[in-house]
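Number of protein chains: 2
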Amino acid sequence: MSRQPEKALLDALKALLGPKGFTQDPIVMAPYLEDWRGKLKGEAAALLSPASTQEVVAIMKMASEAKVAVVPQGGNSSTVGGATPSKDGAALLLSTKRLNAIRAISPEESCATVEAGVILSALHEAADKHNLRFPLNIASKDMATIGGLISTNAGGSHVLRFGQMRASVLGIEVVFPDGSLLENLRPLRKDNQGYDLRQLLAGAEGSLGVITAASLRLIPKPHSKIVIWVGVESPSAALALLRHLEKESGEAVEVFELMESSLIELVLKHIPDTEIPTEKAYPWYVLIEATAFSEDFDLEALMVNILADATEKKEILEAVIAQNETQAGKLWRLRETIPLAERSEGFAVKHDISVPVSAMPSFIEQESRAIQEKFPGTTVLAFGHLGDGNVHFNVCPPKEVTDQLGWVENEGIAVSHFVYERVMANGGAISAEHGIGQTKLADFMRFGNKTKIQALKAIKKAIDPQSIMNPGKLLPVEQAE
Amino acid sequence: MSRQPEKALLDALKALLGPKGFTQDPIVMAPYLEDWRGKLKGEAAALLSPASTQEVVAIMKMASEAKVAVVPQGGNSSTVGGATPSKDGAALLLSTKRLNAIRAISPEESCATVEAGVILSALHEAADKHNLRFPLNIASKDMATIGGLISTNAGGSHVLRFGQMRASVLGIEVVFPDGSLLENLRPLRKDNQGYDLRQLLAGAEGSLGVITAASLRLIPKPHSKIVIWVGVESPSAALALLRHLEKESGEAVEVFELMESSLIELVLKHIPDTEIPTEKAYPWYVLIEATAFSEDFDLEALMVNILADATEKKEILEAVIAQNETQAGKLWRLRETIPLAERSEGFAVKHDISVPVSAMPSFIEQESRAIQEKFPGTTVLAFGHLGDGNVHFNVCPPKEVTDQLGWVENEGIAVSHFVYERVMANGGAISAEHGIGQTKLADFMRFGNKTKIQALKAIKKAIDPQSIMNPGKLLPVEQAE
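Protein sequence lines correspond, in order, to chains A and B.
First residue of the first sequence? That's 1120 in the working numbering, and the numbers climb one at a time after it.
First residue of the second sequence? That's 1120 in the working numbering, and the numbers climb one at a time after it.
Pulled out of the complex, with its shape left as it was, chain A reads as follows (with noise of 0.2 Å):
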């Protein structure tokens, strides 16, 4: 178990990070107390803000030595509580944003190295400006931080085409919780030394080290582009129309965004300046970005062939093309918006689940049904990434419930756990990409593999024994050696 600092250590700290990287002003640590959707409320000894990786090196053996907690904080955008320290007050919080160089982007080698402080959209514009392209993409992009990014193997949108931010990772910068740095930044695309420990980093939620630096996977940016967006049937109908895609297209699909036709209807009501694009509603709907690499490719004329086909096989019901940057933006802020949609609507008991990719659209049609079925009077709403078997399922109260957030206080253990419940049976996960942290904590201990987290404890305990790297998050605080 780790301690409190004593003040010994916190002078140390001070007179090591000097009034920019240490304070403990509860107004200036006040925000990142809080986790961003200001549920979750902690408290810390200190705020560290080092502006190196040295500086970090030399906090984690002050730590180490002390026995003393911290608290790794990127973009502080964690929707399950990654960053928020407990309450006890006994942690150091390390917030990685001075760590926000962009060491070098290489058009030779196609990778940029940025620092662990870097924000999403930083890295995003700093590849076009070489002409080549960073292609994860979250909504949290001008929040969310490089180093958040690979902790929590962030996904979102072009998962499909370019795997999740583990894919991406190629050379690692980490300060170990004894304060050892692994220097792992040159970019390799081939290493086969031993586990890989950039893949063990990548969605390790901070629980064994601070990563201070990385190496990044960039690509070229297409030749051109095509945003789509379609009326379907159902989820198996999008699902059909996907496989007919990737069969005559390959790789040319990027995004495949499903959303329930009431979540759109959500966001037409709340969100301004927003139409349904097609000429009627339909029960579902699907946005769909595809790019191509080559001029001698002529993508527009493909998907038109394909939606043509696909509207004779009734995958779709209707599609309609963005014809410039101006209507595709306006596609994709109808899929964007959801969320905020949603919040201006009211609560609800919110999920994010994988199963596999096939059986994702009889869940959703059938758990739905269940779910109603149970709790009487309830939607759902599922909506996202249905090409890597991920949606955001989200279930509301009953239309006549007034007090929504005592509903979803009240109900909302047994609605997750049910919604787990079948999660499980289908093979999936009750965290497809937001992680653990420590909202979801008590579910993965209650329905994650027993095997599995008997070896994450074994991992834990081996790399960090004395628990002191963001404890609580991920696994349970255990006794320390």
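Any given hint might turn out to be false.
Which copy? The list can't say, so a pair holds if one copy fits it or any two copies do.
Derived pair list, reagent style DSSO-like, types lysine-lysine, alpha-carbon separation capped at 30 Å [unchecked claim]:
no. : residue 1 : residue 2
1   : K1576     : K1180
2   : K1432     : K1344
3   : K1248     : K1432
4   : K1340     : K1432
5   : K1216     : K1569
6   : K1180     : K1569
7   : K1433     : K1569
In short, the hints are calculated from the structure, not lab data.
In this text, all values refer to a predicted model and were calculated from it rather than measured experimentally.
Chain B: place on chain A using the hints.
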């Protein structure tokens, strides 16, 4: 340290596995005890050939209770002695050959669920029947098994486009050293529930458990394919060509294999029915394979355009496009028979190294010269996966040496140390795709990153505290707790 098995254990294993699953017959065991190149010979107390996952569970429970070592073996095609037991004869050799069922191929899921002992070419054929494809391809495809390919994170010729083996593993079934079974076979594209054990097991070389089955990603078969043979001036010109191809064709290029001309001369000398397809001879050659997934994409026209442009830019000196499967096969044969031709010619000190892709041309050019200066009379022959920053970098004895094997044995360590020092100075890896096994263990301990090795040892001890899983491979044998 693991122990010699007692008679009671061997009797119990015999009773468990029956005559097909248990033998101590030296004649039957002999081929399993020797590595395929005939360089290493080990001993084992018995050869176990379990026919089911449950039998593997029972074996590991008995072995861990008795603290007896287990060496898993797939197709026995390791180039680093990864599946050859030590000479002390204390280990049980566990062959996965009877775990050879293709449990399921799901076109809906684009996924194959196969047991560890399935041979790669059998998976290729099975996928083909469903009009699907498993893209990983290596020279030993008729020997290598899925369990071994995952455990060594195999590479091969198509990594450029599809990644190493780890990129295709969607689910895994593994028996840990204590006999606990992790059943994680449902193919999840997204699973952010803590450290990804699929990724930890991939490349672990059997040191953390016995993989018994896996779910693997399949992809659609391409609509068209083109195979091209190109003569180039230098590795730098070859890399410029690759970047040019990528820029104009996206990810159409699946294979980009660089070969030094003297290797091709060895092929012409030793392999019947081979000829250079170009009109003239050139210093370096490249074998290119590209594919298109859409019938609307005229791959050949695109490639002809790019090659014409590349000729103008002096990236290439001459190009030949295979006009049919037979011609394509002949081009592939020139590349695939290089190792055989090398062996026919004599002995060499071999290395499987990687550096960042952009650094590889100058590495080949400069370090070949440096080696030839340091070891006068030697010749460096480099070939392989330029686009992955990985080449096989072989140093041949001076022409006047008559006892080549003696030279390799006497000079090999000094030559390899020199090569590896240069690899390290370039931020590379001393094993790009073959792994560490036993033959590279001393070099890994000498040249590997010390912080990384420390973390690897901690993880090994956490998962295999008795050090009974494939001891002495990847990491040295440590005193058990």
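Hints, one by one, checked against the model:
With identical chains, the CA atoms of K1576 and K1180 are at most 30 Å apart both within one copy (23 Å) and between copies (21 Å). For the identical chains of this complex, K1432 and K1344 are neighbours both inside a copy (25 Å) and across copies (28 Å), given an alpha-carbon limit of 30 Å. In this assembly of identical chains, K1248 and K1432 lie within 30 Å of each other by CA distance solely across copies; the values are 25 Å between and 43 Å within a copy. Only between protomers do K1340 and K1432 lie at most 30 Å apart by alpha-carbon distance; the minimum there is 22 Å, versus 33 Å within a single protomer.
With identical chains, the CA atoms of K1216 and K1569 are at most 30 Å apart between copies only, with a shortest distance of 29 Å across copies and 36 Å within one. Taking identical chains as interchangeable, the C-alpha atoms of K1180 and K1569 lie at most 30 Å apart only when they sit on different chains, with a minimum of 17 Å there against 33 Å within one chain. Taking the closest pair of Cα atoms, K1433 and K1569 never come within 30 Å of each other, the shortest separation being 44 Å inside a single copy and 60 Å across copies.
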